[in-house]
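There are 2 protein chains.
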Amino acid sequence: MTPKDDELFDAPTPVMVLVRPQMGENIGAAARAMLNFGCARMRLVAPRDGWPNPKATAMASGASPVLERAGVFDTLPQAIGDCDYVYATTARGRGLTKPVLTPERAMQQARVLAAEGKRVAVLFGPERAGLENEDVARANAIITVPVNPAFYSLNLAQCVLLVAYEYARLGSDTPPEVLAMAGTDFATSIEREKLGDHFEDRLAEAGFFHPPEKAQAMRLNLRNMWARLHLTRADVQTLHGMLRQILRGQGR
Amino acid sequence: MTPKDDELFDAPTPVMVLVRPQMGENIGAAARAMLNFGCARMRLVAPRDGWPNPKATAMASGASPVLERAGVFDTLPQAIGDCDYVYATTARGRGLTKPVLTPERAMQQARVLAAEGKRVAVLFGPERAGLENEDVARANAIITVPVNPAFYSLNLAQCVLLVAYEYARLGSDTPPEVLAMAGTDFATSIEREKLGDHFEDRLAEAGFFHPPEKAQAMRLNLRNMWARLHLTRADVQTLHGMLRQILRGQGR
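Chains as they are written, first to last, in this note's numbering: chain A, 1 to 252; chain B, 253 to 504.
Hints in this document: simulated from the structure, not taken from any laboratory. Quick caveat, the model's predicted, so the values are computed rather than measured. Be a bit skeptical, because a hint or two may be false.
Taking lysine-lysine pairs in the DSSO-like style, the calculated list, with each CA pair at most 30 Å apart, reads [as the list claims (entries may be wrong)]:
id, chain 1, residue 1, chain 2, residue 2
1, B, Lys370, B, Lys350
2, A, Lys98, B, Lys446
3, B, Lys446, B, Lys466
4, A, Lys194, B, Lys350
Part of the chain A face toward chain B, derived, beta carbon under 10 Å [to be verified]:
id, residue
5, Thr97
6, Thr144
7, Val145
8, Val147
9, Ala234
10, Asp235
Glycine included, each C-beta is placed from N, C-alpha and C at the ideal position.
The shape of chain A in the complex, shown without the other chains (with noise of 0.2 Å):
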């Protein structure tokens, strides 16, 4: 364990808790979903193969230190004991009054909670039947993810990263649009407007700006253009030589 490690199992993610699951696969790739958005903190029930279990430790690959650190209890409420809200994720109606929330809600709740020093813990069911009532009962509030109504296919482990996706998504501090600058610089003020210039120039005397009416706004759109693509110092070199080549050939 690195210390890097330390820090994201100490963070106050969301507890995923898996009852009862079946496949030691899933469980190693509900792992590497949850590790995918900084989730790390696994609690298991009753898992029906037995623990540790290979098949998940070769199917979470990178993310063995979540299963490695699981924790393991013979039912729910023992793995639920130290948790202040507990979510629990259901596709059906339940006969359970009870909120039903999106994920999106719920993680935003989840991160209110944990602000406070609240443990949250999210409950996934077993891959066949889903949680039973009397999981569902122990929780405070349900999560449904609202899939198309005619067709809902969701494995558990697309369950957890949906879950850990909207945890992750909701406190990042990714801005939601950047330009790549990929190594390279934008272009100036003053070699934009030099390649304004340059094009402007041959285009007057190619009778480009035509009728004389409309030429002061083909010249505000050209500007507006060179202004508006983002280039590069690069670009704005290739463009003024396409120009000087294009010219070059057609005088010949």
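Use these hints to put chain B onto chain A, whose structure you have.
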């Protein structure tokens, strides 16, 4: 095909373009991931094992209509020829100057474009290596899922799943939080009042509201609790019965 299917395929959801996909199973899994969130328009560029692919069909199961209507193209330019705006999904930074967006921001844009009648495409690369720079150069913008930088393991279908999920989420009319009624009625105010009275009377007789200077605040807290609990009519009957039975038991 049912009329409902036609509606699904006519919806202006993003066209999901799998570029040189390798495993049939992953094409099928991508179709399922799409259909979970109401996206049905798939295109394939030069699938490695030809088309149709029985392994894709087997994996797609209920999502096989997505595969049956998928367009198949030899080259990427052919596949996106009629698309107005193209996103390329890629994990790594590229030597290409281009906007890089989160899935959320990209799908916000995609909804605006779709509302204007524009056709949006999202490109997904082959399983092993992802999109080539040749492919990315043909896109208007890049989508990068903000994952844990120390661990990235999203597979093809998971990447499709997250993009389709974001598209659906941003247009969803699912309320972020509802209280499931589960076929039962909530208690009316008068029923809650009577329950409050019942408990208050019996608790007063038992000397619960002590010391006297705190009695009023204690009564208020109790009233507030009953109101806050979202009790059903059945809950109210259960609580009346519990109180009566406890007092009966004590009287013996």
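Now for the hints, and whether the structure bears them out:
| no. | hint | result |
| --- | --- | --- |
| 1 | Lys370(B) x Lys350(B) | 20 Å, holds |
| 2 | Lys98(A) x Lys446(B) | 23 Å, holds |
| 3 | Lys446(B) x Lys466(B) | 22 Å, holds |
| 4 | Lys194(A) x Lys350(B) | 23 Å, holds |
| 5 | Thr97 | 5 Å, holds |
| 6 | Thr144 | 8 Å, holds |
| 7 | Val145 | 8 Å, holds |
| 8 | Val147 | 5 Å, holds |
| 9 | Ala234 | 9 Å, holds |
| 10 | Asp235 | 8 Å, holds |
Of the hints listed earlier, there is not a single one the structure fails to meet.
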